[in-house]
Each structure stands twice: as structure tokens, then as C-alpha cells.
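Engineer: Given the structure of chain A, go ahead and fit chain B onto it with the hints provided.
Line by line, the protein sequences are chains A and B. Per the working numbering, the very first residue in the first sequence carries number 346; after that it's consecutive. Per the working numbering, the very first residue in the second sequence carries number 346; after that it's consecutive.
Careful, some of the hints might be misleading.
One copy or two, either will do: identical chains are not told apart, so a pair holds if it fits within one copy or between any two.
Here are the simulated lysine-lysine pairs, DSSO-like style, with alpha carbons at most 30 Å apart [unchecked claim]:
hint	residue 1	residue 2
1	Lys687	Lys719
2	Lys843	Lys874
3	Lys860	Lys874
4	Lys460	Lys847
5	Lys703	Lys754
Because the hints were derived from the structure by calculation, they are not lab data.
Here's the letter readout for the chains.
Number of protein chains: 2
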Amino acid sequence: MPTHKLRVIPLGGLGEIGKNMMALEYGNDIVVIDAGLMFPSEEMLGVDLLIPDISYLLARQKDLRGIVITHGHEDHIGALPYILSRIAPPIYATKFTRELILVELKQRGVKTGAKLNLVRPGSRITLGKFTIEFFSVCHSIPDSVGLIIHTPLGIVVHSGDFKIDYTPVISEATNFSQLASLGAKGVLLLLSDSTYAELPGYTPSEMVVSDTLDRIISEAKGRVIVTTFASLVSREQQVFDVAVKHGRRVFIVGRSMKEIVSMALKTGYLTAPPGIICRLDELKTLPHNRVIVLSTGSQGEPTSALVRMANRDPSSRVQIIPGDTVVISATPIPGNEALVSKTTDSLFRQGANVIYDKLAQVHVHGHGSQEELKLLLNLVKPKFFVPVHGEYRHLSLHASLARSMGIPKDNIFVLDNGDILELGQDSGKVVARTHVGVIYVSGLITGELDNAVLRDRKLLSRDGVVVVTIAVDAENATLAEKPRIITRGLIDTGGERKLIEKGRDVVLAALDHDKRRLSEPSFVDARVKDSLTRFFHEQIHRRPVIITVVVEVGKTQREPTS
Amino acid sequence: MPTHKLRVIPLGGLGEIGKNMMALEYGNDIVVIDAGLMFPSEEMLGVDLLIPDISYLLARQKDLRGIVITHGHEDHIGALPYILSRIAPPIYATKFTRELILVELKQRGVKTGAKLNLVRPGSRITLGKFTIEFFSVCHSIPDSVGLIIHTPLGIVVHSGDFKIDYTPVISEATNFSQLASLGAKGVLLLLSDSTYAELPGYTPSEMVVSDTLDRIISEAKGRVIVTTFASLVSREQQVFDVAVKHGRRVFIVGRSMKEIVSMALKTGYLTAPPGIICRLDELKTLPHNRVIVLSTGSQGEPTSALVRMANRDPSSRVQIIPGDTVVISATPIPGNEALVSKTTDSLFRQGANVIYDKLAQVHVHGHGSQEELKLLLNLVKPKFFVPVHGEYRHLSLHASLARSMGIPKDNIFVLDNGDILELGQDSGKVVARTHVGVIYVSGLITGELDNAVLRDRKLLSRDGVVVVTIAVDAENATLAEKPRIITRGLIDTGGERKLIEKGRDVVLAALDHDKRRLSEPSFVDARVKDSLTRFFHEQIHRRPVIITVVVEVGKTQREPTS
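Bound conformation, chain A alone:
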């Protein structure tokens, strides 16, 4: 008989796409699934990235049995370099995932005591009261797994990120027969990927892309440049395969593409016949119709190889030649649309023929659509259901799918990060919340996001800053010199001088009222701010940040004492 309830505590990844982290807790045993990062939205000015808040785990370190990783995408492994300096439980990952984690830790120069254990689909590990089995799922990166977690209360299935592809290009098809047999016996809880819960129907197979690539490359008279996510190894395999078929050689550009292709070739996730991959200095020796370039830059990243080609960056070793065909074999991640469009436009301007998602099926995504989500629900037949990995609308729509398939409303939980869901054998309830803040990484600073700082940056970004220096001769209750005004980011140089002169008069007039109070810096500060705020609003309808510096001059000074 179970003596505890099972606690399900999402620490990241719910109500957002990114920074996935889910804790399962039974008595004194906690296991964590994934530790991802997230890229900030536009309004989080100056923030490099976001990671999950692990305060809950820090307070329970002695109970933390391990972190299990489902696959090697940044939103599942990217927080490890930041959290492993504070906690160091054993980590469990499949081979390809483990390689990517090692790269990540090395890049950030992180040394950790955490042990990085290798697991395989089909293998089993025991972490406290949890026994975890890994099963293959099909996703847009090799070696992705879902989890079957045996707990004292019953079986928990975690889908990982998945789609159903009966004809995957590499890696195994999602292993559903095992899940079906579990479903027949009874599963307590399903946690399932909601990313594409908006999309009706099925996600097409990777094979569809092979056909498109084959057609494009057979029709292209010149060079073909293909860009995709570096970790989308199956796409790279497709490129190698069509290259072989059409007698073209492949040139690889972009740091992450080179690294991952090389790692995938070494570890056997990618196969290429000898001689098909060439060194860049051989590029000029081949006729154009014998060339495929495989490049980074599918998201329009400003320093990527493709963007440097698009911008005719002289440091780029590959330059666009009119007649090149560029295939953008990816879709923009939300937030990257403008960068990708800009890159596409620049490539067209260079005379390239660009083929992208709107024009042909050059990409299929890695998450299941509605019919696939329903199939999983149907096979697993869980008593309780928690949609994971999605914005609130995705979770909500996934919950609706589950209801439409007969799971009672009270057994479906659309959770927020920080909710503590307690499941018994027959019922579940959110019993409490643990604080999860927005933890940012910005340069070398990591901390909980302070809205005051963001508000200041927002103000500064719109209307800039005005620094006003007031030198006061306090003894004589006069200004020792005219107010000085320096602006940055307020107005262009053309209009600046006149505006500043007027502003100076405004400050003078404001301080003239009550000369005896010139010795009170807070009085001077308030007067300057009030008068200039009004002035800039009236003159140009702008509200810059105003900083007043009040310096007393003309009295006996002392040397700094530090």
C-alpha cells in the first residue's frame, strides 16, 4: 500500500515553450525530468536567457535522486551548465543527448561533480522509489526518449517531445506497442507534449522532405545551399542521401553544424560514404551542379554562416552566386520570423532562388498534431492527465482533446509552473504552490528578474536619458554655473542643440523661484525632473529618463578619505 501521495511539480515549461523541468516526488524521493533554457521575449531587454527556478530543489537537495533527460534540445538540457554549480545529482541521458550535454558544459567551462550516466531505450534505472524505463520516441533530434516511471502509486508515462512517424529517416519509430500493453494494465498518469495541440490531423513524415529535396536538387542547375537546425541529424542524412544520388559533394559551413555532423558521424547517428563530404578549399574546384552546401542560419541568426552569405560578409568563405538555390529547411521559431524574412530577402537580392516553407514542403516539424496526441491518449488510457510542454493555449486545447476522449474533467490538470499537484490512487488536487521566479542569465549575472531594471531599460530604450548637472554655490545660494545637460538616445544631433538650450532655460527658471533651497539636493532634483519632464513632453512628446547630479562647489573641500 502506498504511504504517500505522488507529487507532480512543474518547475518550468508550462505556459511557455522552453525551460522544461518537471519534478516528481514520492515521500523522500524526488526525480527531475529535463533542465532546459528558454530565450527571452523581446520585452526582456538585456536578458540573454532564462532558466528554471530550482529553489524547490535546493531546499530538498538530500531527496533529489537524479535528473533524467529526454533529449538533447536546448529547451531540455540548456539549463544544466547553470544549475550544476548549485546542485549535482546524477544525470541520466541517452548517448546522443549525453554528447550534447558534454559539449554544452565544455562551452560554458562548467566543471561539475554530477555524474553523467548513459542509458539506452529499453534500459531501466531505479532512483529511490522510482523505477524508470526509457522508450524511443520520434522527434527532430536523434536518441529521443519517453519515460515509463513505475511509482508506488502506479505507472506514470512521460511522452517526451514526440511525433509519430512510421517512416522516420533515422532513429527508431515511436515504440507504442509497449505503451499499449501498459495502457491495458492501467496507467496512473500521462504527461504529454502539447506543442502542436493546435494543429488538426497528423504531422507529416520526414520522408516527405526527402521527396522535396530530391526534386529541388535534381532541378537545380547551380549550387544548392541547404540550411537547417544543426541538431536535426535526420535532415542532414537526407541531404547526404540526395547528394549521393545526384552526384553532388557536400560542404559543411557554420560552427555548430560542423561540430554536430562530426559528432554524429563518429557516433554512428549519421552515415556518409567516403569522399562525399569535402573540405571548403575544394569548393572552387567543382562545377556548380556538383555542389551542396549544408549551413547553419535557418533562424536568421545574425552571426550564422547563411546570414553572413546573405549579407556578403567578406569574411564568409562561401558567397552567394546568382543562380544558387537556397533551401531553408526549417520554420522560424516564434520570435525569429523577422530575422528569417530579412535573411530570405537578402538572399533574393543576391540573385539566389530561395525555397522556404511557404513555397514547398522543405520542412516537417518534430511534434505530434491532434490525431497523434489522441492516439497516445488512446493507447495509454491514463487515469489522470497533465498536458505539458506548451503555452497555456496549447495545454488548454490538449486538455480539451483528452476530455473529448472520455477522460473526466476532474482528472485533467492544466498546471502552472510552481503548482504542486498531489495524486492519490483515485483523485488528485493542486494542494499548494512553490515560488518559481523568472530566473535570468545576463552576462555573468544570474538572478530573479527585477521588474524595476526592466522598466528602466524600457524607458531608456524609447526615449533615452538626460543627465542634468547642477553646480550649487550653497553659501551664496546661487548656481555656480549654468546647468549642463547631456542627452543620449533622446534626439538626433540635428535637433539637439536648440532643444538643450531651451531646456537649460527651463531648469534655470525652475530653480530661480526658491533660491534659498538650492542647498537641498532633493529639492533641486525634484524641480529639475518636474520642469524638464514637462518641457520634453510639451516640446517633443517624449519622456526620457532624467538623472540629476547636484554638486556643491565653492566651499572648503576635503580629499577623499578612502
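Structural biologist: Frame of chain A, contents of chain B only:
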């Protein structure tokens, strides 16, 4: 015999979607087509909107015969309030368009000497050597027209923004028979809308949306809230029609929606049986299944009616009730995706069932897809072709379509804003460029965008600002007090004090080297900037904007002389 060439000079709208403005010039006669605005991209910090550069027109004012407007969208009329203070040629617009221009001028408080002339589809005006005929086109706003422009060199056809809809909900179907007969006689030049040149096939008819709305509203058990573009009057008509059919009343919320619906009812573009539109205070008296709310906010605009509902803004007179169905009958304009997603998520959180473009066909757009563009090219059979209204990729793909239909490559011109294309009867060539700057409106300032200001705002937005005050006792070559450091937007309050103290020591050490030069402000400034830049980079990997204020104290001061 024509004595001049025809000049085609795009002043805005090419290589971008927005701020459309095209000048046609023959000898001493210039006519301008449209005068639109554009919303800035994210990186144009602090910019409210962009308008075309009219320097070319200012230099040729005496030749400017008029501005012809194709329809009332902001990207075609929105610059009028800003340019009519500088030029005041007669303006020609259809009735609905004219009403919107009047609203626009009134809102901005613009008084102009420019005459606002009314034209109708089928009517003709003569402007210098140009005779212009207006023909109906189907678009997402009533009273849209294309132009048939008779010039001494031949006929120019301008498509306006158009799609082909054989079953439009209101307004006339695009009038193509006239174009076909022109095509048979010979057309010199076609200027055609490229916005959706990426999309294969045909754009669906508005009627498709009627069916979807009908189904949603017949199935909804509670209230239905529909949001769309205020100017999309045909969609509003559809909402009224289904309301009548299903015995629901319509409540209108949001300023622009109220204004445009009221104007469209008055002018006859919209018809609603008496009693179908109700006042908001009647909302509570009706059962939920008798209510439709028609609202602004389809782009997630932060102050719109729908967003205030989504955020439970207490000032909103309509609040979401669980069980409400919200129909977002629009797609996000590029750049607005995140705002729309956020609004959708908030509505789901309130318990609404939200139906949007990914889930059902609740919107069709207003521009023709590839087959429609080909049909127009086929009917008009122009000698020369200039794709207009699109990003570079759209223009480029539209040009490819034209080539595939047999227009010779040398007769197709993918232009940039500012290009001066000269057409003779048999050949054409870009002969020169006129300068077109990026003209911004920011509060009350209008001017050419200064990259230095934008660069400063970008820096400020990332890492904030640091103001360092150095009080120098020049006579004694000492610092009169410790350096003062104020930061805004750099670091949260928790970490600030310690960092600033350290920074102060760094500045002191940097100035200590060469005390005799303390009287040189530029020396002090350079030392402070160098040392602190290095310090912040080492400590926190950030590069704030550093402003140094050097004040001399302790010598005889003088009263300000202003």
C-alpha cells in the same frame, strides 16, 4: 507622338509592406498614388511610425497634380496627416476612403488646404497629361479601387490591393472585363500587388468565413465575442447576418470599431435590421446565448477592448465569463504574433473557448495568391511589369511568375524605393535614384532616422546607463570628493551597492595615476570610461553606456550669466 519618357518612381512600399507611395511623371506632370504609413520594426526603438520621404515631391511641387488614393487602409492613407502640412495637392478618393481620411485628419488635428475630391468606380479624372479611371477591386475594406491611367505613352494599370472574389460579401467583385478589353488593345505597364506572391493557389472567398461563423455561433451555448479589423466591414456584415439568423443581438466595443461601424451604417456600406445593435447597458438583460460582442483587439493591441477583457481590466465594461466563445477573425500582422498569442492565452485562462486561424477558417486575407496574380497578368498582358506592395522576396517571386508567363526578363523591373525607372514605348531602364530616407514620427518629432540615436537606445536598452560624477579641485590637483556613481537599468537593486562600491575604487585607482591631469576634463572622461568599461565587462559581462560629469569645485565661482 510622346515627347517625354514615362517615369515611375516608388517613394515607399517596395521592399517593405507599408508606407505605399508611387509617383508617375510625364514631363511637367506628376501624379502620386497613395500616401501610407508603416509601423516600425522592433529594433527601431522609440519610433512611433514611419512615412515616405517626400523630398522628391517637395522639390517638384509645382508639377504635382494630385494624390490618388486606392483605399482606406493605414498603409495607403496614414501619411496624409504628416505630409499635408508640407504639400497640399488635390486628393482623390472614393467615398468610404474619403471618410476614413477625414477621420484620420481630424484625429491628428490637421488642417490642410488640400481639397479632398470624391471619385467613384467608373469615374474619370484628368491630372495634367494623365487621365485616370477607377475600377472596383475586391479587398478587405470597402470601396477599394485599381487605376487605369492613360498616359501619352500608353496605358498604365495599377491593381491597388486586390484579390479575386466571385462571391464577395459586400462591395463589387473585381471588375476584370474592362481590364481584359484593355489587355487586348495593349497595356504599357502593370503595377500589381505582390503581398501574397508566396502563396500557391487562390485566396478563398469571404463566403467561407460566413459558413464558419454560422457553424460556431449555432454551436455556441454561451456568448460569442468576435474580434476583427475595424475596417473589415464585410466581416462585420457577416456577423450581423449570422446574429439575425440565430436570434442574437450585437454589442459593439472598442473606439475604432464603434466609429467605423457607425460610419459604415450611415453611408450604407453596412446594413443591420433595426434593434439588432444594442447599447452596452442592455448586455446584462439578455441570456448568454442571445449575445454577440463585436470587438477591437484582433492584433492584441495592449489598450484594445479584447485585451482589456483578456486581462480582466476592471475598467472594461465586458468581462470574460467561463463558457464564452471568442473568435479571432483575423491573422496576426507580421510583428504582432507574440501580442496575439499572449491575448489568446489570457482568454483561455479566463475560461473562454478561443477559436483562431489555426483551429478553423475564421479569416481569409485580402490579397490575391499566385493564381490570381497570374490571372491579372494574363488579362492585362502588359508590355512592362513592376511588382509593387511587398518585401523584396514577394516582388522577386511575383517577377518570377511574370517571367513564367512569357513577359521578357528585360521588361520586368524589381525596383527599390527611390529608383527612377524611365519607360519608352519599347524599352525601360532605371536611369537614376532619388534619395529616400527613413522618415520617422516619434511624438512630435518628424525627421530622417539618425542611426546614432538608435544605436544609443539599443545600448541603453540592453545594459542601461552609468553616470559618474567627478568633482575636481583643480588648483590642488585632487578629487574634491569620492566619485559618485548612479546607475539605471544596469543591475537589480540587490547586487547594485557592492558593484558600485567596487566601481568607485576602480575609478579612484584609474585617476590616481596622473593627478596633474585632473584639470583636463577629456582626460578624466577617457580614464573613467576605459576603466569602468573594463570593470563592468570583467565583473558582469555587460557594457552599459557611461556618462562622465566632471565638475570643478573649490575655485572662485561666478554667477551664471544667462
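Engineer: Using 30 Å as the alpha-carbon threshold, which applies to Lys703 and Lys754: within, between, both, or neither?
Structural biologist: Only across copies: Lys703 and Lys754 sit 24 Å apart there, 38 Å inside one copy, limit 30 Å.
Engineer: From the Cα coordinates, with 30 Å as the cut-off, is the pair Lys460 and Lys847 best called within, between, both, or neither?
Structural biologist: neither (66 Å within a copy, 37 Å between copies)
Engineer: With identical chains, the pair Lys843 and Lys874 could be close in the same copy or across copies; at 30 Å between alpha carbons, which is it: within, between, both, or neither?
Structural biologist: both (19 Å within a copy, 27 Å between copies)
Engineer: First find the shortest C-alpha distance between Lys687 and Lys719 inside one copy, then the shortest across copies, and answer within, between, both or neither for a cut-off of 30 Å.
Structural biologist: Intra 38 Å, inter 26 Å, cutoff 30 Å: inter-copy only.
Engineer: Evaluate Lys860 and Lys874 at a C-alpha cut-off of 30 Å and name the case that applies: within, between, both or neither.
Structural biologist: within (17 Å within a copy, 34 Å between copies)
Going down the numbered hints, you'll see the structure goes against just number 4.
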